[in-house]
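*Asks:* So you can see what is in the structure, the chains are spelled out below.
There are 2 protein chains.
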Amino acid sequence: MTYCVGMLVRQGLVALSDGRLTSGSQLSVARKNILMGTGPASRFFLMNSGLRSLRDKTLAYLRQSGFQPPTMLAAVTAYCKALRRVMEEDREALEAANFKFNLHALIGGQLAEDEHPALFLVYPEGNWIAADERTPFLAIGTTSYGKAILDRVLVSETHLETAAKLAYLSFDNTRLGTADVGFPVDLLTYRRAIRQWEEFHFNHDDLALQHHWWNQHLAKLAEALPDLPGQRELERVASC
Amino acid sequence: MTYCVGMLVRQGLVALSDGRLTSGSQLSVARKNILMGTGPASRFFLMNSGLRSLRDKTLAYLRQSGFQPPTMLAAVTAYCKALRRVMEEDREALEAANFKFNLHALIGGQLAEDEHPALFLVYPEGNWIAADERTPFLAIGTTSYGKAILDRVLVSETHLETAAKLAYLSFDNTRLGTADVGFPVDLLTYRRAIRQWEEFHFNHDDLALQHHWWNQHLAKLAEALPDLPGQRELERVASC
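Chains as they are written, first to last, in this note's numbering: chain A, 1 to 240; chain B, 241 to 480.
Among these hints, one or two may not hold up.
Beyond 10 Å from chain B on every Cβ pair, some chain A residues (computed) [what the hints assert, rightly or not]:
#1 Gly37
#2 Leu94
#3 Pro124
#4 Glu133
#5 Ala179
#6 Pro184
Below, simulated DSS-like cross-link-like pairs (lysine-lysine); rule was C-alpha separation at most 27 Å, straight line [as the list claims (entries may be wrong)]:
#7 B:Lys340 x A:Lys100
#8 A:Lys57 x A:Lys100
#9 B:Lys297 x B:Lys340
#10 B:Lys321 x B:Lys297
#11 A:Lys100 x A:Lys81
#12 A:Lys220 x B:Lys460
Stretch by stretch, here's where chain A covers chain B in the computed footprint (C-beta under 8 Å, at least three residues) [to be verified]:
#13 331-338
#14 383-395
#15 402-408
#16 442-450
FYI, nobody ran anything at the bench for these hints, they're computed from the structure. Backbone N, C-alpha and C fix where the C-beta goes; we use that ideal spot for every residue, glycine too.
Could you build all of it, start to finish, from the sequences and the hints given here?
*Replies:* Encoded structure:
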């Protein structure tokens with residue numbers, strides 16, 4: 001499996017994907033997020049989870065089309081068209097071999113000057129949902145382990161830097177929970193005010209400081225949580 | 241589904257279960273953890289996830305036996321015996337109707353003066369694993385959403401009060417992630433030094449303070465996380 005999370009906040013976009021590839025029990029490393037488009041103002045990101053073969057063919061068809069989408073809606077539509085072409089060609093053979101036609105995608109960016117940054121989650125069937133103020137993040141792959149911290153903390157007003165930190169923490173929670181998700185991590189941020197993309201690439205040791213800092217401070221915070229009702233009384237009894 | 245977590249720390253035991261019961265799309269409330277045994281020194285807890293009918297019959301057989309286990313090993317063995325009797329009687333009919341024979345259990349306590357407190361996870365087949373210093377918690381049901389905070393923070397040295405708070409936070413993370421887990425919460429703690437059980441029962445509003453406190457402080461902590469490598473530079477560029 002994979003862990004990819006996309007975030008849409010007021011200041012821009014965040015896209016994070018893990019880099020572990022699993023084929024049976026064989027592990028290797030792959031880049032799962034990419035920036036499409038050529039010029040700085042025509043870029044958008046694409047991240048996938050599911051069957052690598054479906055991803056590679058869908059991307060090949062998308063690139064072959066040479067289409068430069070003028071809007072994010074056009075971008076997601078072009079992706080869905082390529083995906084459905086692959087579905088027509090490959091689904092039957094996969095299902096005959098008991099594979100599921102499985103490819104989820106997160107697509108995000110800002111293409112036209114006058115459009116808001118947008119973030120989409122595309123299902124294997126080629127239908128999609130969009131992030132908004134009430135749904136500031138969308139995730140694909142193994143999404144359960146890293147969900148709580150985003151549910152609790154991430155809002156549309158969260159600063160872009162903090163959103164990127166939350167994406168990392170959410171990934172780190174997932175990596176701790178499941179062997180299918182791991183380093184390296186690819187991170188993209190898009191700052192709306194200056195229309196600028198930044199790319200980061202982290203290995204395990206690059207984020208060891210952040211990992212240990214978080215564990216230590218989280219432990220202190222849990223200790224400091226206001227007592228559960230009845231708990232204080234108990235402690236007094238116990239220390240008599 | 242269900243969320244039950246048991247913890248074995250130096251100071252004693254913690255057992256937490258959610259109280260939501262799902263039958264198809266119908267929700268109701270049930271108690272999923274119970275203290276077995278009669279006298280204060282003969283008590284141990286039992287929590288289940290899986291098919292309610294299997295739980296109720298297994299418990300009925302366990303109680304009917306009238307057996308007062310002298311040790312925790314005897315307790316878990318008696319439970320497994322009752323479970324396997326139910327398996328012999330009911331598995332075939334369930335599987336014929338495409339149900340799985342599914343009943344997981346967490347069993348914990350301290351029965352003999354000279355035995356350490358113990359915590360077991362029993363699989364539907366009647367085999368089990370035990371918690372130890374390196375595995376201070378075991379969970380059954382929907383275990384993924386609430387796993388990260390325990391992976392990061394809970395160790396054998398964690399104080400009993402903090403362990404109980406972590407059990408709550410882990411439940412709260414699960415409840416936020418899945419509609420199958422919800423209030424009320426039943427919590428049991430066992431303090432080894434005084435060999436004393438305490439029972440707590442919380443509804444949503446009882447823990448509203450803790451929920452909001454945690455969200456607020458977690459957000460501040462995420463903001464304070466040391467910058468990811470390269471991030472500080474970026475901020476400077478952005479604010480130019």
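*Asks:* Which numbered hints does this structure break?
*Replies:* Going through the list in order, the structure violates hint 13 alone and respects the others.
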